[in-house]
Amino acid sequence: MSTSSEMQIRRSATTLRSTNPTRSPPTLSSATSHRRVEPVLYSEMAVRLNENSLEQCRTSVSALSGCVAGILGLTSYKGFLFYGFSMFFLSSLIYWYIRNEHRTFFTSLNHVFFNGFFNGLLTYVLFWTFLYGMVHVY
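Under the numbering used here, the first residue of the sequence shown is numbered 35, with each subsequent residue one higher.
Calculated from the structure, these hints are not laboratory results. Any given hint could be a false lead.
To be verified - No more than 25 Å apart at the CA atoms, straight line, and that leaves these computed lysine to any residue pairs for SDA-like:
id, residue 1, residue 2
1, 112, 127
2, 112, 164
3, 112, 168
4, 112, 155
5, 112, 170
6, 112, 93
7, 112, 126
8, 112, 150
9, 112, 97
10, 112, 122
11, 112, 102
12, 112, 75
13, 112, 91
14, 112, 165
15, 112, 101
16, 112, 87
17, 112, 151
18, 112, 147
19, 112, 152
20, 112, 146
21, 112, 159
22, 112, 167
23, 112, 169
Please build the complete structure, drawing on both the sequences and the hints.
Given below as C-alpha cells:
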C-alpha cells in the first residue's frame with residue numbers, strides 16, 4: 035500500500051509542477067541549483083585496454099630503468115629514487131601526450147600517475163640487482 039501511495043505522491047508532484055500556469059519563471063539561483071549534470075559514459079573494454087597498455091609501458095620502463103641503474107652502479111636509496119624518477123617521468127610523458135583529455139582514456143588521473151607504481155618495483159629490483167651483479171661484482 036505504501037508503494038502505491040508513494041507513486042501517487044510522485045505523480046501528483048509532477049503534475050502539479052507541469053500544470054501550474056501561474057508559476058513564475060525560475061530565477062538564476064534556482065536554475066543553477068537544478069542544473070542537469072550529464073553522466074560520463076565509459077566503454078569498459080576501452081578503459082581496460084588503456085590500463086593494460088599503461089601497465090605494459092610501466093613494466094617495460096621498470097625493466098629498462100633497472101638495467102640502467104644496475105649498469106650505473108646505483109645502490110641503496112639512490113636506486114629507489116631513480117625508480118621513482120623514472121616512473122614519474124613516464125607518467126609525465128603519458129600525461130603530456132594525452133594532454134588534458136585524460137577523461138577520454140582513463141576514468142581518473144590517478145590511473146596515469148599512481149596505478150601500477152608498486153607492481154613495476156619488483157621488475158625493477160630484479161633487473162637492477164641482476165645487472166649490478168653482472169657488471170660490478172663479476
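Here's how the hints hold up against the structure:
1. Under the criterion of a C-alpha separation no larger than 25 Å, the hint pairing residue 112 with residue 127 is consistent with the structure, at around 22 Å.
2. Annotation: proposed proximity of residue 112 to residue 164 holds, straight-line Cα distance about 17 Å (limit 25 Å).
3. Proposed proximity of residue 112 and residue 168 is supported: the alpha carbons are some 19 Å apart, at most 25 Å.
4. Straight-line distance between C-alpha atoms of residue 112 and residue 155 comes to about 14 Å, which keeps the hinted pair within the 25 Å bound.
5. About 16 Å separates the Cα atoms of residue 112 and residue 170, which keeps this hinted pair within 25 Å; it holds.
6. A C-alpha spacing of about 20 Å is found between residue 112 and residue 93, which places the hinted pair at or below 25 Å, so the restraint holds.
7. For the suggested pair residue 112 and residue 126, the alpha carbons sit about 21 Å apart, so the restraint of at most 25 Å is met.
8. As the CA atoms of residue 112 and residue 150 are separated by approximately 21 Å, the hinted pair is consistent with the 25 Å bound.
9. Under the criterion of a C-alpha separation no larger than 25 Å, the hint pairing residue 112 with residue 97 is consistent with the structure, at around 17 Å.
10. Of the supplied pair hints, the one linking residue 112 and residue 122 holds, its CA atoms being roughly 15 Å apart against a limit of 25 Å.
11. In summary, the hint linking residue 112 to residue 102 is supported, as the alpha carbons are separated by about 12 Å, within the 25 Å threshold.
12. Only pairs whose Cα atoms come within 25 Å are accepted, and residue 112 paired with residue 75 is rejected, the gap being roughly 43 Å.
13. Only pairs whose Cα atoms come within 25 Å are accepted, and residue 112 paired with residue 91 is accepted, the gap being roughly 22 Å.
14. For the hint pairing residue 112 with residue 165, the CA-to-CA distance comes to about 16 Å; that is within 25 Å, so the pair holds.
15. For the hint linking residue 112 to residue 101, the alpha-carbon distance of about 14 Å falls within 25 Å, and the restraint holds.
16. The straight-line distance between the Cα atoms of residue 112 and residue 87 is roughly 28 Å, outside the 25 Å bound, and the hint therefore fails.
17. Distance check on the hinted pair: residue 112 and residue 151 sit about 17 Å apart at the alpha-carbon level, within 25 Å; holds.
18. Restraint check: the Cα-Cα separation between residue 112 and residue 147 comes to about 21 Å, which is no more than 25 Å; the hinted pair holds.
19. As the CA atoms of residue 112 and residue 152 are separated by approximately 17 Å, the hinted pair is consistent with the 25 Å bound.
20. At roughly 24 Å between alpha-carbon atoms, residue 112 and residue 146 fall within 25 Å of each other, so this suggested pair holds.
21. Between residue 112 and residue 159 the alpha-carbon distance is near 13 Å, which keeps this suggested pair within the 25 Å criterion.
22. Of the pairs offered as hints, the one joining residue 112 and residue 167 holds, with about 17 Å between alpha carbons and a cut-off of 25 Å not exceeded.
23. With a C-alpha separation of about 18 Å, the suggested pairing of residue 112 with residue 169 holds against the 25 Å cut-off.
In this structure, the earlier hints numbered 12 and 16 are contradicted, and the remaining ones agree with it.
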